[in-house]
Amino acid sequence: QQQVKQSPQSLIVQKGGISIINCAYENTAFDYFPWYQQFPGKGPALLIAIRPDVSEKKEGRFTISFNKSAKQFSLHIMDSQPGDSATYFCAASMRGGTSYGKLTFGQGTILTVHP
Amino acid sequence: KAGVTQTPRYLIKTRGQQVTLSCSPISGHRSVSWYQQTPGQGLQFLFEYFSETQRNKGNFPGRFSGRQFSNSRSEMNVSTLELGDSALYLCASSLRGLDTEAFFGQGTRLTVV
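Read top to bottom, the protein sequences are chains A and B. Everything in the first sequence is counted per my numbering, starting at 2 for the first residue and increasing by one. Everything in the second sequence is counted per my numbering, starting at 23 for the first residue and increasing by one.
Quick caveat, the hints were computed from the structure, so don't treat them as lab data. Note that this is a predicted model, so its numbers are computed, not measured. Glycine included, every Cβ here is placed at the ideal spot set by N, Cα and C. Watch out, some of these pointers could steer you wrong.
Calculated lysine-lysine pairs in the DSS-like style (CA-CA distance at most 30 Å, straight line) [stated by the list, open to error]:
| hint | chain 1 | residue 1 | chain 2 | residue 2 |
| --- | --- | --- | --- | --- |
| 1 | B | 79 | A | 6 |
| 2 | A | 43 | B | 79 |
| 3 | A | 43 | A | 58 |
| 4 | A | 72 | A | 59 |
| 5 | A | 72 | A | 58 |
| 6 | A | 6 | A | 58 |
| 7 | B | 79 | A | 72 |
| 8 | A | 16 | A | 43 |
| 9 | B | 79 | A | 69 |
| 10 | A | 43 | B | 35 |
Over 10 Å on every C-beta distance to chain A, these chain B residues come out as not near it, computed from the model [what the hints assert, rightly or not]:
| hint | residue |
| --- | --- |
| 11 | 86 |
| 12 | 132 |
| 13 | 133 |
With the hints as extra help, turn the sequences into a complete structure.
Next comes the structure, spelled out in structure tokens:
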């Protein structure tokens with residue numbers, strides 16, 4: 002119940018295209034869903050996050066779509082650029098209880114954007 | 023505003039030894055979480071500290087321990103190192119460790135030989 006399943010494992014997109022990464026969760030107690038971007042040799046960097054009271058959040062070229070009933074959320078990268086090539090992780094967490102500070106991560110998606 | 027600082031960046035240790043890693047959180051952040059990242063298991067939660075108290079712990083053996091100081095800096099210790107402990111160890115800081123944004127350091131790359 003604590004798992005977050007992420008797909009695809011890898012994704013190749015042409016410059017200017019749309020990259021879409023999907024995540025699914027089972028634990029309905031999760032109430033915070035961030036996405037992280039990680040470049041080789043670096044730590045994950047917070048990209049964008051959403052809470053279940055909204056269905057979509059957009060920041061620049063990055064959009065999270067959230068479907069509470071399906072327990073799924075996705076990251077859309079519009080106008081993908083070679084500089085977006087990185088590993089992307091979805092994550093989930095819940096407030097309170099014994100879950101302090103714990104993010105449950107998906108397995109990651111390696112995105113390659115070809116020029 | 024300075025980010026999360028982890029030291030050292032790289033470590034090579036021998037099986038059976040112990041190691042201590044350090045994390046300085048963003049100024050004002052009181053929660054520090056530690057994660058292990060490996061190609062096979064991905065990012066796994068180790069433990070979280072807030073105001074010098076461990077509030078949460080992941081499913082790792084007792085060889086993995088940590089502590090937090092009054093200035094919110096944190097250390098994690100791994101004793102009796104095994105080859106399988108080779109990983110990137112990341113710490114993340116946040117204001118309260120609940121539903122606030124967590125920011126990661128660059129990690130410490132530990133290699134056990």
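For the pair we were handed, residue 16 of chain A and residue 43 of chain A, check the Cα-Cα distance against 30 Å.
holds, 23 Å
Mind checking the alpha carbons of residue 43 of chain A and residue 35 of chain B for me, to see if they're no more than 30 Å apart?
holds, 21 Å
Pair hint residue 72 of chain A and residue 58 of chain A, alpha-carbon separation not exceeding 30 Å
Holds - the C-alpha atoms of residue 58 of chain A and residue 72 of chain A are around 16 Å apart, at most 30 Å.
Non-interface claim for residue 133 of chain B versus chain A (Cβ beyond 10 Å)
holds, 14 Å
Examine each Cβ of chain A, and state whether all of them lie more than 10 Å from the Cβ of residue 86 of chain B.
The assertion about residue 86 of chain B holds, with a minimum of 15 Å to chain A.
Does residue 43 of chain A pair with residue 79 of chain B here, judged by a C-alpha cut-off of 30 Å?
With a Cα-Cα distance of about 24 Å, the restraint between residue 43 of chain A and residue 79 of chain B holds, given a limit of 30 Å.
Hey, residue 6 of chain A versus residue 58 of chain A, does the alpha-carbon distance stay inside 30 Å?
holds, 21 Å
Are the Cα positions of residue 79 of chain B and residue 72 of chain A separated by 30 Å at most?
holds, 26 Å
Hint consistency between residue 79 of chain B and residue 69 of chain A [alpha-carbon to alpha-carbon, up to 30 Å]
Roughly 28 Å separates the two Cα atoms, so the pair holds.
For the pair supplied as a hint, residue 72 of chain A and residue 59 of chain A, confirm whether the alpha-carbon distance does not exceed 30 Å.
holds, 19 Å
Would you check the hint for residue 43 of chain A and residue 58 of chain A, treating anything up to 30 Å between C-alpha atoms as holding?
Since the Cα atoms of residue 43 of chain A and residue 58 of chain A sit roughly 26 Å apart, the hinted pair holds (cutoff 30 Å).
Please verify that the nearest CB of chain A lies beyond 10 Å from residue 132 of chain B's CB.
holds, 14 Å
Of the numbered hints listed earlier, not one is contradicted by the structure.
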